[in-house]
Structures are given as structure tokens and as C-alpha cells.
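Hints in hand, dock the two standalone chains.
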Amino acid sequence: MDLIKPEFGLLIWQTIIFLAIIFVLGKYAWKPILSGLKDREDSIASALGEAEKARTEMQKLTSDNQKLLDEARSEREKILKAAQKTADELREEAKAKASSEVNKMLEDARKVIESEKQSAIASIKEQVAILSVEVAGKILRRELENKDRQQLLAADIIRELKVN
Amino acid sequence: MQFFSRNFVKISFVLVFLFNISTFAYAGGGDKKDEKFNPGEMIMHHIKDSHEWHLISLGDTHVAIPLPIILYTNNGLDVFFSHDLFSAKKGEHKEHSKEHKDGHDKGEHKAEEGKKDAHHEFQVLERGKNIYHFSHDKITMADGSPVWDFSITKNVASLLISFLLLVFVFTSVAKAYKKNAGKAPKGMQSFFEPLIIFVRDEIAHKNIAHNADRYVPYLLTVFFFIWFNNMLGLIPGGANATGNIAVTLVLAFFTFIITLFSAKSTYWKHIFAPHVPIPLMLILIPIEFIGIFTKPFSLMVRLFANIMAGHVIILSLISLIFIFGAMSAASIYGVAPLSIAFSTAMMGLEMFVAILQAYVFTMLTSMYIGQAVEEPHHEEAAHH
Numbered sequence: 000m001d002l003i004k005p006e007f008g009l010l011i012w013q014t015i016i017f018l019a020i021i022f023v024l025g026k027y028a029w030k031p032i033l034s035g036l037k038d039r040e041d042s043i044a045s046a047l048g049e050a051e052k053a054r055t056e057m058q059k060l061t062s063d064n065q066k067l068l069d070e071a072r073s074e075r076e077k078i079l080k081a082a083q084k085t086a087d088e089l090r091e092e093a094k095a096k097a098s099s100e101v102n103k104m105l106e107d108a109r110k111v112i113e114s115e116k117q118s119a120i121a122s123i124k125e126q127v128a129i130l131s132v133e134v135a136g137k138i139l140r141r142e143l144e145n146k147d148r149q150q151l152l153a154a155d156i157i158r159e160l161k162v163n
Numbered sequence: 000m001q002f003f004s005r006n007f008v009k010i011s012f013v014l015v016f017l018f019n020i021s022t023f024a025y026a027g028g029g030d031k032k033d034e035k036f037n038p039g040e041m042i043m044h045h046i047k048d049s050h051e052w053h054l055i056s057l058g059d060t061h062v063a064i065p066l067p068i069i070l071y072t073n074n075g076l077d078v079f080f081s082h083d084l085f086s087a088k089k090g091e092h093k094e095h096s097k098e099h100k101d102g103h104d105k106g107e108h109k110a111e112e113g114k115k116d117a118h119h120e121f122q123v124l125e126r127g128k129n130i131y132h133f134s135h136d137k138i139t140m141a142d143g144s145p146v147w148d149f150s151i152t153k154n155v156a157s158l159l160i161s162f163l164l165l166v167f168v169f170t171s172v173a174k175a176y177k178k179n180a181g182k183a184p185k186g187m188q189s190f191f192e193p194l195i196i197f198v199r200d201e202i203a204h205k206n207i208a209h210n211a212d213r214y215v216p217y218l219l220t221v222f223f224f225i226w227f228n229n230m231l232g233l234i235p236g237g238a239n240a241t242g243n244i245a246v247t248l249v250l251a252f253f254t255f256i257i258t259l260f261s262a263k264s265t266y267w268k269h270i271f272a273p274h275v276p277i278p279l280m281l282i283l284i285p286i287e288f289i290g291i292f293t294k295p296f297s298l299m300v301r302l303f304a305n306i307m308a309g310h311v312i313i314l315s316l317i318s319l320i321f322i323f324g325a326m327s328a329a330s331i332y333g334v335a336p337l338s339i340a341f342s343t344a345m346m347g348l349e350m351f352v353a354i355l356q357a358y359v360f361t362m363l364t365s366m367y368i369g370q371a372v373e374e375p376h377h378e379e380a381a382h383h
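Protein chains in written order, with numbering that gives the first Met the number 0: chain B, 0 to 163; chain W, 0 to 383.
Same shape as in the complex, but just chain W (with noise of 0.2 Å):
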């Protein structure tokens, strides 16, 4: 840890290097003979989850790690590796109708006439009485039924890394403290030490002014577990989780709910018999009712779309590269160190922003939990 804090700047910018060399190799072997270099579909490919965890392409050789697929259907449950259904064969078009129910797809037919084929491809994977249909990550079963996807994704498994990241690094600094109790901080001791405290005063006791202990192991549960997933994102061939609407919803379900347990009388009364006059209340109580659900709701949009941002901002600059490039080929040697530049300089600011980002989160789940568990005389003392 000392090593990693000392050479921090080092460290970033071969990671930065990294992580642009990844994508070249991406892009560059991706898009290979018919088709044309299509960022957009490079960059959802980068951001969006995955069955699989997609390393680098050469050419026609894909490096993946393959993750577990557990699926229940009617059928029970099935669990076989993800290697299966990206080498499975390719589907025909006539069963394309089954496969779409939901709405969203509609989408994707009108993106279909402009594109012909390049939109319609799935893969088919027979598994005992199973016949699944796999296209576009989405996996569904040919004759309609139910089936509920448990699969360890690129997501789950870079979550199940950052919670192996988080025990080991916070048991060894709980470790120090048993090992020198009463001196000073030693090595990642120190280093995680600012930041613990930092929680517990700043943003815990700052803002929550009854009880705050009780919610102080929450707030740094949370701030840790999105830095360290931030920063796991930026990691060349990382996955973007806290980029995903699904782990930031499930954050800011957590914030709810501990605010909406947490809440005392005064919260209450502050929300549905506010002191005004009636006329104001008919206004004022639906909005401060549906503020309950914004907040969490901002929470979850705010951390996602700031570090989905973030990819989309260093990939589309990467792609710049490549679209330059199909146009002419000397154009590469101007465009890209630019275009280098300019992601190196949006990957310092990502790493920035992967702290920041952890900061804002646990800094309004402290407020909101303070509004909760404020005391009647507090609130009068605020609002009057």
C-alpha cells in the first residue's frame, strides 16, 4: 500500500496507457472485414454488462473469461459457462417474432430496416429440454416461456471482486488497529485512515445530529464499496457497475429504506402537516410526499449517469481514432495523440470523479438520514 500511495501518479497513468492500448485493440480488431467501425455499438458494448468478460479481440480470435449462466426456467434450473452460448450456432430469421415481447424491441425493429441483418443475429443454444435464444446479450427461450436470468456477469462478478477487494482490505486495516492499538497509523492504515474519518465527522456527525454511530459503518460501507467500484470500472477491461442502473438502484434503495426506518415522528409531520396555511398544504404535501422517492430516485440517477458519463466520454475519444482513421489513414498520426491526450486527461479526471462521486453519495445519504432522525426542536430551530 505504501508502494501503491507513494507511486499513485505512476500507477494512473500506466493504467490510463492500459486502458487505452485495451481499447485500440477492442476497436481495432472488433470491427473486422464487412462491417465498418461503429462507435456507438463499441462504446454500448463497453458500458453495457455482459455474459461474458471480454478481454481482447485479435482479429478473428475473441479472449474472454467465461462466466457461469444460471438460468431457471420452467424446465428448473440450468447453469452451464458462457463459452456455450457466444459459440453457439447461428439462429434462423423466422423464429425472430417469438423472442420479441417486450415493448422495447419495437425499437430495435425500426433500427433493423435501416441495418438489414447486422441487428437480427442470434445465436441458438440447445440445452436438454431447453431451446435458448441468444441475441444481443439477452438471453430468452424459443417458445416464449418465462426465464429468469441469475447469471454471474461481467457486473456480478466485478462486484463479487470489489467485496473480496473491500474484506481484504478493510480486515487487514482492522487488523492494524487491533496490532497497534494506542500508536500511530502504519501503512494502509494510514492511507484508508483520513478517509475514515473523514466519513465518521464530516459527512456522518456533520449531518446526522441524533445517533449518528448507529449509521456511521453504512456510510463508509457505502462510500467504499462505490470508490472501489469506480475505480474498478477505470481499470482496463473492468466492468462499469456503478455505471449500471441496477447497482445504483439497489444503492439508493438501501438509502430509502434506512431513511424511511430511521424516520422520527417530525419527519412525518413535516412531510404530511407542514406549518402553513391550508391552501399551500393541497401544493406543498404531494410535492414533499413525492420527494420521499425523488431523492433516492436522484441518488440513483446522479451516480449512474456521471460514471456511465465517464466511459462514453474516454471511449467516444478513442473512437475518434478510428473513425478518422477509416476516412484516411495518414489522418491517424494527427488524430491520435489528441486524441490520447485528451482520454488521458478525461481518465485523470474519471479518477477524480470515481471519489467525488463516492463522496456525493454517502454525503446526501447522511443528509437525508439526518432530515429523517431530526428532533422536534431542531426542526423548529431550522425552519422558523
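Chain B extracted, bound-state conformation (with noise of 0.2 Å):
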């Protein structure tokens, strides 16, 4: 049978080609494609890598937002309660300062008021022994104008120094 028995000539011919097509094929085909398709898959999957490095950052980032959020937060309430403390403490000692304060001056002014009044009494006392002796002595002047009754006045005395 011809089919079976391969010829000699095609045989030859078929070895040239192919082996023409491996070359060829294999140079300026396989060679960049098969680079070119590694190029392509190698920064495909950096890529990939990247951007899943790149979300785990992200995550650690958010976490240490919410983190340093929360301590900030945390400081400030702190910060707010030593403040409140602060005041409040503060306010209480004004109020204490105030009513010693107050205390201190009423009793200041109490005294000032005693002083003035003893002085004030002392003055009236003073001012009524020079009115009385004024007015012992005008009464004095009036009864011993005439003689008589200078007389009487002296005898009476003199009585009275008996008496006694």
C-alpha cells in the first residue's frame, strides 16, 4: 500500500520545515511571547501583592487611627474631669477666701463701729461735763450774784461740814 510507505523526498522536505518552523517559531515567536505573557503575569501578581500589602497597611493604619482616636478621647475626658476637679476646687476655696473675707471685715468694721462708739460716748460724756460745768457755773454765777445769798450759800456749807 502506497498510504502506509512514507516517501523519501516528503519525508526530507517535511524534516526541513519542521525543523525550519522550530527554529523560526522558536526565536522570533515562543521566545517573546512566552517572556512577554511571563512579564505580564509577574507584575499582575506584584501588583496583587501590593495592593494586598497596601490594604493590610491600610487596616493597621484605620486600627491605629481608631486607637490614637480613642486615647485622645480618653485624654480628654481625663483632661476635662482634672479640669472640673480644678475649678470646682478652686471655686470652693474662693468661696472660703470670700466668707473669712467677710467675716474678717465685719469684725473689722464691728470693731471700727465699737471703737467709734466708745469714742463718740467719750466725746458726749466730755461734752456734757463741760456743759454741766457750765452750767453749774452759770447757775453757780446766778445764785451767788447778791450777798445775802452768798452768805446763806456759805452758811450752809459750813452747816453741812458740821453735820458731817
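Hints are computed from structural coordinates only; laboratory data are not their basis. None of the values given here were measured: they were computed from a predicted structure. C-beta atoms are modelled at their ideal positions from N, C-alpha and C, and glycine is treated no differently. Possibly wrong hints are sitting among the right ones.
For lysine to aspartate or glutamate, the following DMTMM-like pairs were computed, each having C-alpha atoms within a straight-line distance of at most 25 Å [stated by the list, open to error]:
(1) W/178 with B/87
(2) B/30 with W/142
(3) W/185 with B/113
(4) B/4 with W/142
(5) W/174 with B/142
Covered stretches of chain B, as calculated for chain W (at least 3 residues, CB under 8 Å) [said to hold, decoys possible]:
(6) 17–30
(7) 45–57
(8) 76–82
Next comes the structure, spelled out in C-alpha cells:
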């Protein structure tokens, strides 16, 4: 059968052509194609890896942020509390101070009033004394304007003296 | 290419239709006058190699592309066109005994007895000192001296076309990879990329455990060479290159050589010193040794038989029309639509077989290489 008997010429040609195809395609087609494919796959893989890395980084950053925010919040709370406390203390202190001041002032005022009163009373007493002496003097002068009366008085005084 | 992939089905149908028409033309035109339509001869003519590229015959007019005939004889190289050979004058009967030296001609002699002259025809061409006898597409010397036929036959021409096509297609794909490096594939590139990746990942990397990348270019070449040639064979008027045993022999031989040269010690140990008792060795070693050769042999036969058989079936279905037509003209109307429907379906199947056989050949090649390059520990793991 011709069908299953390979022709010599065709064998030779097929060998030459197939070798040429292997060589030409290997050099000018498969090499750039396979390397291009590999480059692209590598770049896609690295891009995916980078994205993953960025995602975890982002996650870390967000959690860091959250932590920071929480810290800040608690710090604020603490500061507010401290401030509140200080303010309260200050207020208390001021109040106490103010009341003591008032008390002191009241005391002082009272003292001043007292001393003023004393001095006023003293001056009134003096005045009264002066007035009384003046009045007494005037009365005496009037009493003792004539001789009779002077003698009478003198007699009275003497009598009184004698009595005593 | 975008156009091609989008309209793949439509184009396929046009091809199928054209193929059928051209077969009609041949079958209808070829059997003129005295002879009855001989389907066997017609089919053989279509699937065998030829010294000219026969396209169509209308009545007595044969339309064929002349191909260069390159012969090396005792008188040196002789190059001329096939037209001279086919239009040479008919030879005389008496010369016949001289040209038949090969054993296979005995069969022809027997066949002759029944058919008489029909098989006896040969043509004589004189060129300088050489007198050639041309019979059944075979060139012999009239004086019985040896002649080496290196002609660019139909199959060789078809292989050259496939070479140009492969180089054109894949260098432009390669250019696309340079042009849009790092970007998504476009056009023809995106058509071939999945196939290239499939061959690289599913065929090469899955079967070859070590250094698979070394074999990827060869596997890609084999895959696309077989696929392209299978498809070229399906085109109306195309040559049946991958359905020719010489072509598949060379393909299988390359696989054989690559397997042998990349074989590691484990491979040879597995063949010549298997881990079995000595009596079993006596049986196993010859079997394994023969296996070295049967593997590529099966590759050769599988591809050849599949592609050739596909062509034979389609041609047989078309022949039915003429067989019935010869019995009664009216039956053509009944048989022709059926026959066309069947051959169209076969054509679709053949297009699937074209890529399937390319896949099978490449797959088995990579499996054989994979077995050859196996490292010891893998071998142990796989067999125990």
C-alpha cells in the first residue's frame, strides 16, 4: 500500500520544514510571546501582592487611627475631669476665702463701730461734763450774785460740814 | 482575526460548502467518457500526495497548479515543472516490466488482471539523457537506475504554506506582546493567548515535573503545526499533509529524539532494571524496551489514521451521490441532500478532530518527555 509507505522526498522536506518552523517560531515567536506572558503575569502578581500589602497597611493605619482617637478621647475626658476638679476646688477655695474675708471685714467693721461708739460716748461724756460745768458755773454765778445768798450758802456749807 | 473569530461558524459553513462543491466538480468531471465513476480511486487521489496541485477538472480541462519536480539521478540534478510530466505522451506496454522493482507492485499486477489497461497506463518523459516513466504519481527511470525524488509535491507545498502561515501569525502575535506589553491582549493575540497558556500550563507544566519551560516552545510548535495543517487539509482543494504517514513519522521522530536525549537515569533504570523479581524482568525488560519505540509509533499512526480517515469518510459520503447517480439519475435528488447533510456534519466533526488530534499529540509528547525527565524520588512515589 502506498498509503502507509512514507515517501523519501516528503520525509526530507518535512524534516527540513519542521526544523525551520521549530527554529523560526522558537526564536521569533515563542521567546517573545512566553517572556511577554511571563512579564505580564509577574507584574499582575506583584500588583496584587502590593495591593494586598497596601490593604493590610491601610488596615493597620485605620486601627492605629482608631487607637489614637480612643486615646485622645480618654485623654480629653481625663483633662476635662481634672479641669472640673480644679475648677471646683478653686471655687470652693474662693468661696471659703471670700467668706473669711467677709467675716474679717465684718469683724473689723464691728470693731471700728465699737471704737467709734466708745469715742463718741467719750466725747459726748466730755461734752456733757463741759456743758454741766458750764451750766453749773452759770447757775452758781446767778446764785451768788448778792451777798445774802453768798452768806447763806456759805452758812449752809458750813452747816453741812459741821453735820459731817 | 477578530472578524475570523466572530464569524467562525459562518466561515466554517462556507468552507464546508465549497469543499463539497469542489468534490462534486472533481468527481463529476473526473470520470468522463468510457470509465465508470470509481470512488476508491477518487478518494485515493484526494488523500494521497501528488506531483501537481489539482484544483478542478471540467470535462477534459484539468485545472492544476504546476509544482516543481526535483529529481536526483545518476546524471545529476534535474529540475522541471510538473506540467511536463502530466502532459507527457503515453508510454508503451513492453517497457512495463523494467520499472517494477518494488515488492508492492505485485498487488498492482493482480489488480491489473481484472481491470486490464486502466491500471497499466504510464507516461514517458525524455529530458536530456534521462527518460522518466510516470505512473500513478510515481517517477521511475526507464533504465531502472535509481532516482531520488525531492519534488515539491502538493504536501510539501502545503507544508511550506503552513510554515509561512505559522511564521506570519505567530510573529505578529509576538509583535503584539511587545507593542502592548503589560496590557490586556488584543485581536489575534487574544485569540491565541488562551491556547498558548493552555499548552504551557495544562500540557507542559502538568506533565513535565522538571525544566518544563525548556520543552514549551517545542510543544507549542507541534500543537500549532498539527492544528494548522489539519485545518489546511480541510480547506477545499487543500493537501492532506497530516494525513500522510511521512509527515506524522517526522513529527513522531522528533518527539522520539527529544525524549531519548532528555531522558534521565531514572528512565533507563525503569526500563532496564525495574524493581521486580528476576523472572518478571525477563518479560518486563523486552516490553519496556519495545515501549520506547511503540510510543512514538503510536503517535505517528494515530495522527495519520485520524486525519486520513476523516478525509476518507467525507469523500465517501460525497461519492454516494455519484454511485447512486450512476444507477439512476433520479436518485440523486434523494441521496444528494442527505449526503451533503452528513458530509457537512462530518466536516464540523473534522474541524473538532483537527484541534483534538493536535492536543492529543502534544499531550502525549509532553507525557513521554515527562516520563523521561522524572527524578528518582518522583519515580518512587509514583510507582510504589
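Consistency of the hints with the structure:
At roughly 77 Å between alpha-carbon atoms, residue 178 of chain W and residue 87 of chain B are farther apart than 25 Å, so this suggested pair is violated. Using a Cα cut-off of 25 Å, the hinted pair residue 30 of chain B and residue 142 of chain W is violated, with the two alpha carbons roughly 52 Å apart. Distance check on the hinted pair: residue 185 of chain W and residue 113 of chain B sit about 113 Å apart at the alpha-carbon level, beyond 25 Å; violated. Between the alpha carbons of residue 4 of chain B and residue 142 of chain W the distance comes to roughly 24 Å, so the proposed pair stays at or under 25 Å and holds.
Between the alpha carbons of residue 174 of chain W and residue 142 of chain B the distance comes to roughly 157 Å, so the proposed pair goes past 25 Å and is violated. Check result for the segment 17–30 of chain B against chain W: holds, 11 residues qualifying (beta carbon to beta carbon below 8 Å, three or more required). Remark: the segment 45–57 of chain B is not confirmed as covered by chain W, as 0 of its residues place a Cβ nearer than 8 Å to a Cβ of that chain, below the required three. Judged by the Cβ-Cβ criterion of 8 Å, the segment 76–82 of chain B is not covered by chain W as claimed, because only 0 of its residues qualify and three are needed.
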